[in-house]
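S.K.: Since the structure of chain A is already known, use the hints to place chain B on it.
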Amino acid sequence: MRANLEQGGHTTDMSNRHATHVQRMVDAVLNGPGDTDSALRHDIEAQSAKLGGRLGSEVGEIPAELTAYVSKVALHAYKTLDEDIEALRNAGYSEDAIFEITLSAAIGAGQARLERGLAALKGASDAAQEA
Amino acid sequence: MRLKKLDEVLTGEPVTDVVRTVSYRSELFGRPFIAGLQESLRGPSDWTVGERELFAAFVSSKNHCRY
Numbered sequence: 001m002r003a004n005l006e007q008g009g010h011t012t013d014m015s016n017r018h019a020t021h022v023q024r025m026v027d028a029v030l031n032g033p034g035d036t037d038s039a040l041r042h043d044i045e046a047q048s049a050k051l052g053g054r055l056g057s058e059v060g061e062i063p064a065e066l067t068a069y070v071s072k073v074a075l076h077a078y079k080t081l082d083e084d085i086e087a088l089r090n091a092g093y094s095e096d097a098i099f100e101i102t103l104s105a106a107i108g109a110g111q112a113r114l115e116r117g118l119a120a121l122k123g124a125s126d127a128a129q130e131a
Numbered sequence: 001m002r003l004k005k006l007d008e009v010l011t012g013e014p015v016t017d018v019v020r021t022v023s024y025r026s027e028l029f030g031r032p033f034i035a036g037l038q039e040s041l042r043g044p045s046d047w048t049v050g051e052r053e054l055f056a057a058f059v060s061s062k063n064h065c066r067y
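So the sequences go chain by chain: A and B. First residue of the first sequence? That's 1 in the numbering used here, and the numbers climb one at a time after it. First residue of the second sequence? That's 1 in the numbering used here, and the numbers climb one at a time after it.
Chain A on its own, in the form it takes in the complex (with noise of 0.2 Å):
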C-alpha cells in the first residue's frame, strides 16, 4: 500500500475525488438554506475542529449555550442525551436548527480528523523521501 500510496498521479486523482466530496457534503451543511445562520454553522465547525486538533484558524465566538453541547459532539458524540436536546429546545432553538448545529460540530470534528491524518500520511511520505 506504502508504495501506491507514492505512486504520485494515482494519488492525486484519487485525493482529488474525495476531496470533491468531502468539500460538498461541508458546503452543503454550512452553507445550505437552515434554520441557523451559516455564520453560526461555520464558527461552530471551526470550535469543533479546534477541540479535534485543528491548529492555527481563527475560532468565532459561540453562543455561550451551545458551547458545552458543541464540546461533547465534538469530543464524545456517544455521551449526548436527549435531556441535552432537551436544553436547547427550552434556550429556544427549533429542532432543525438543533439538527443543523449537530452537523456542524460533526462536520468540524471529522474534518479536523481527516486534516490530521492527511498531515501525518504527508509527513510519513516526507520522511521516507529524505530518508
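Calculated directly from the structure, the hints in this document are not laboratory data. Be aware that a few hints might be false.
[Said to hold, decoys possible] Restraint ranges, calculated between C-beta atoms of paired labels, are given here:
1. T67/A x D46/B: 38 to 44 Å
2. R17/A x R66/B: 25 to 31 Å
3. A68/A x K62/B: 20 to 26 Å
4. D13/A x F55/B: 19 to 25 Å
5. D13/A x I34/B: 17 to 23 Å
6. R66/B x G60/A: 31 to 37 Å
7. A39/A x D46/B: 38 to 44 Å
[Said to hold, decoys possible] DSSO-like cross-link-like pairs, simulated, lysine-lysine; straight-line CA separation at most 30 Å:
8. K122/A x K50/A
9. K62/B x K79/A
10. K62/B x K72/A
11. K122/A x K62/B
12. K50/A x K62/B
13. K79/A x K50/A
14. K50/A x K72/A
By construction, the Cβ of each residue, glycine as well, lies at the ideal position given by its N, Cα and C atoms.
M.R.: Just chain B now, kept in the frame of chain A:
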C-alpha cells in the same frame, strides 16, 4: 414534523438512526454524505471493500458507536 412523516412513510420497518439522519433534509447532509461514503467504501481503491469496511468499523468502535 418531517421526521414524523418519514417514520409514517416507513411504517412497519425498523428505521435506524443512521437512516433517519441521512434521510431528514437530505439536501443538507444525507445526499452529499452518502455520495462520498459510496465513493470511499465502494469506489475504485487499492483497498478491498472488506478492508475499508474494517477501517470504518474500527473507527466506529473507537468512537463508541455501533457499526
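S.K.: None of the hints should be skipped; say for each whether it holds.
M.R.: Hint check:
no.	hint	result
1	T67/A x D46/B: 38 to 44 Å	41 Å, holds
2	R17/A x R66/B: 25 to 31 Å	29 Å, holds
3	A68/A x K62/B: 20 to 26 Å	23 Å, holds
4	D13/A x F55/B: 19 to 25 Å	20 Å, holds
5	D13/A x I34/B: 17 to 23 Å	22 Å, holds
6	R66/B x G60/A: 31 to 37 Å	34 Å, holds
7	A39/A x D46/B: 38 to 44 Å	40 Å, holds
8	K122/A x K50/A	20 Å, holds
9	K62/B x K79/A	13 Å, holds
10	K62/B x K72/A	15 Å, holds
11	K122/A x K62/B	23 Å, holds
12	K50/A x K62/B	20 Å, holds
13	K79/A x K50/A	19 Å, holds
14	K50/A x K72/A	13 Å, holds
The structure fails none of the hints (numbered hints given earlier).
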